[in-house]
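Trainee: Construct the complete structure from the given sequences, taking the supplied hints into account.
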Amino acid sequence: VVQGIRRLTVTEYVAEEPFLMAHVDELPDVVEEGKELEALQRNLVSIFLQIVKLVPYLPEELQMAAVNIEDPATLGYFVASTMRMKTAEKQELLEEVDVAKRLRHLTSILNRELEVLELGTKIQSQVQSEIDKNQREYFLRQQLKTIQDELGEVDETQAEVNELRQRIDAAGLPEEADKQARRELDRLSKLPSAAAEYGVIRTYLDWILSLPWNTSTEDNLDISHAREVLDADHYDLEDVKDRILEFLAVQRLNKEVKSPILCFVGPPGVGKTSLGQSIARAMERKFVRVSVGGMRDEAEIRGHRRTYIGAMPGTIMRALRDAESNNPVFMIDEIDKMGADWRGDPSSAMLEVLDPEQHTTFRDHYLDLPFDLSRVMFITTANMLDTVPGPLRDRMEIISIAGYIEDDKVHIARNYLTPRQIERNGLTADQFEITDDAVRTIIRNYTREAGVRDLERQIGTIARKFARMVAEDGKEHLAVDAEQVPEFLGKQRVFAESKRRTSDPGVATGLAWTPTGGDILFIEARAMPGSGRLILTGQLGDVMKESAQAALTFLRSVAGQHKIAIDFFKKHDIHVHVPAGSVPKDGPSAGVAIATALTSMATGRPVNPDVALTGEVTLTGQVLPVGGIKEKVLAARRAGIHTVYLPDRNEADVDEIKPELVAGVQFAYVNHVDDVLKAVLMRRRRARPAAPAQAPEPARVRRAAKPTSATARA
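Quick note: the sequence shown, position 675, residue 675 per this note's numbering, numbers continuous.
Honestly, the hints are just simulated from the structure, not real lab data.
Among the hints, erroneous ones may be present.
[Unchecked claim] Quick list of in silico lysine to aspartate or glutamate cross-link-like pairs, EDC-like style, CA-CA up to 20 Å:
no., residue 1, residue 2
1, Lys-133, Asp-186
2, Lys-678, Asp-648
3, Lys-658, Asp-236
4, Lys-658, Asp-239
5, Lys-190, Glu-160
6, Lys-179, Glu-160
7, Lys-258, Glu-397
8, Lys-475, Glu-423
9, Lys-179, Glu-130
10, Lys-35, Glu-70
11, Lys-337, Asp-394
12, Lys-465, Asp-430
13, Lys-337, Glu-352
14, Lys-337, Glu-300
15, Lys-101, Asp-71
16, Lys-465, Glu-433
17, Lys-563, Asp-573
18, Lys-255, Asp-372
19, Lys-255, Asp-222
20, Lys-101, Glu-38
21, Lys-101, Glu-33
22, Lys-491, Asp-481
Mentor: Given below as structure tokens:
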């Protein structure tokens, strides 16, 4: 044991070997007796006694020792030697020769240490009191339970509370959800079962405990398995399949990758909704689907607040509860058909659901708890993007699904539709078969669609008629060929009439985009004696009317180049009509076709029946790019048109179309209307464009083609 006796200061070191030697001077204490020094001594002893009580490792004997020390310098050394202080602080105390200053400095150090010890003691007591409270509550509950058991009394409310408490303990809820559930459970335990609030809280707790906070399914990341499933369920659709396989490949490398938010856009009947089921099956995830078409209440998405009677969570939370998984494939159908009224805008509520940066803490108004949607794979479907708000469209990865060509439909009918209809109608493959030629006949003469729904209906009609033959006549086998189709489906309903319709001057074939796919559009123009008015019919929208006015203005400005009389437009009224007048039509892309029809009418030169036109026209005759090129081109191919004139800036859109889809179709890219007119106008057949029309041929009775009800966007 080494004990300090005197304080020394080194003035000079004289040797380092074999040990340190130095000249030193003694530093005696400077003591100024007085009341201040006595007060410092008593205060130091008081603080030291408090510290000894709070510090477990300091023995109680130190208290008595400190009280019995009368010399202030010795007291300072004694107290300082028993405390945990930094070396620098100890050195400062040793170097201080004035005892009063030394005691004052030591007192400040002890005060700091006392504050830290008191705070630690306070924290420890709080923790201990919390533990004691929980233990006390547990013992009281156990005693109450024992008393009730002895008396033979059963408290149903308490039993229900205990059951809920056990479910909460076993649920492993996130911290915030667990805290909220226990808070509500405490409220429930204090309410009588007859109280109105009792059922509200009980239902709320059931919802919290029924959600899959931590429940998920294991993804099957076998890419070859996913490819087999997708190919077995759907023909073609390579863009969609590649995107899903890419996601699986990335997830194999990075488990924390966020699920994509895909939007399938295309006409009805091309397999958008069934694709979601195939994706879920390929990844071995749960599948849930909600349709938001016609939804107008924002609370349908986020739920109602609990202040309302009959409040319940929104459709997102309800679907996740039904899925029993926090990583399902979640399909939101018909997202382009949501509305808005005084109850709110559901599409705005969707912004949080479909935003990867926000939906990690999605809050339903009913639950008012953050729920992580980042593991959910959201897939939305739409027929058109025009009605989808820009911010919502920006959050999704758009994948366009165009209509099927005839060869695709034949393949789908052979491998998917016919076997399904055979099964649904109680037949077998040995009893019923339909040839590819018969399917082509149905496609050409009985359906007009981009998808295959109507085709399946027609095949189902034939299958049902054969099922009746089996039931009534005992017929055992039927092989339907092209010649037998009219016997089952009646007369032809769809006619390819582009060449007949454009045989007269003033008629041009345009191309239109509709929610059901592309379609051909006929523009008819006629002149009659008048005062130069422009008449537009066919239920045209404002944009299409402006296109007609712009086309007429351009034609009048270049009338001399086409050998049109200067006063022709002053002496004639011009009537532009787009048939199928019950179908609303709008959009700028009919400008080139309207200009061509007007020029054909004014010059008496018919338009080549093998061409179709699309593109927006300006007052100077420039041809501007338009949208929906893929759908329009496929419509031209279905109609038997061999050449399509497109704006030159749409050439990149054509390059994205698979070559087999446009086989047999030639493309001409133009940037001015003059290029179109030179190429598509044929020789003059009439002497004057305003001559009276010949008498029409006798009318023939014919089944009218069923008009499409969707809005055509020319």
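Trainee: Does the structure keep Lys-35 and Glu-70 at a Cα separation of 20 Å or less?
Mentor: 14 Å, holds
Trainee: Between Lys-465 and Asp-430, is the straight-line Cα distance small enough, at 20 Å or below?
Mentor: Status holds; Cα separation ~16 Å.
Trainee: Taking only the CA atoms, is the gap from Lys-133 to Asp-186 under or equal to 20 Å?
Mentor: 15 Å, holds
Trainee: Check the hint pairing Lys-101 with Glu-33 against an upper bound of 20 Å on the C-alpha distance.
Mentor: 13 Å, holds
Trainee: If you draw a straight line from the CA of Lys-255 to the CA of Asp-372, is it 20 Å or shorter?
Mentor: 16 Å, holds
Trainee: Next pair to validate is Lys-190 with Glu-160; report whether the Cα-Cα distance is within 20 Å.
Mentor: 12 Å, holds
Trainee: Holds or violated: are the alpha carbons of Lys-337 and Glu-352 at most 20 Å from each other?
Mentor: Answer holds: Lys-337 to Glu-352 is near 18 Å, not above 20 Å.
Trainee: Does Glu-300 lie within 20 Å of Lys-337 when you go C-alpha to C-alpha?
Mentor: This hinted pair holds, its Cα atoms lying about 14 Å apart.
Trainee: Is the hinted pair Lys-255 and Asp-222 satisfied, with a Cα-Cα distance of at most 20 Å?
Mentor: 14 Å, holds
Trainee: Are Lys-563 and Asp-573 close enough, with their CA atoms no more than 20 Å apart?
Mentor: 19 Å, holds
Trainee: Given the hinted pair Lys-658 and Asp-236, is their alpha-carbon gap at most 20 Å?
Mentor: 11 Å, holds
Trainee: Going straight from one Cα to the other, do Lys-179 and Glu-160 come out at no more than 20 Å?
Mentor: 19 Å, holds
This entry satisfies every hint, going by the numbered hints stated previously.
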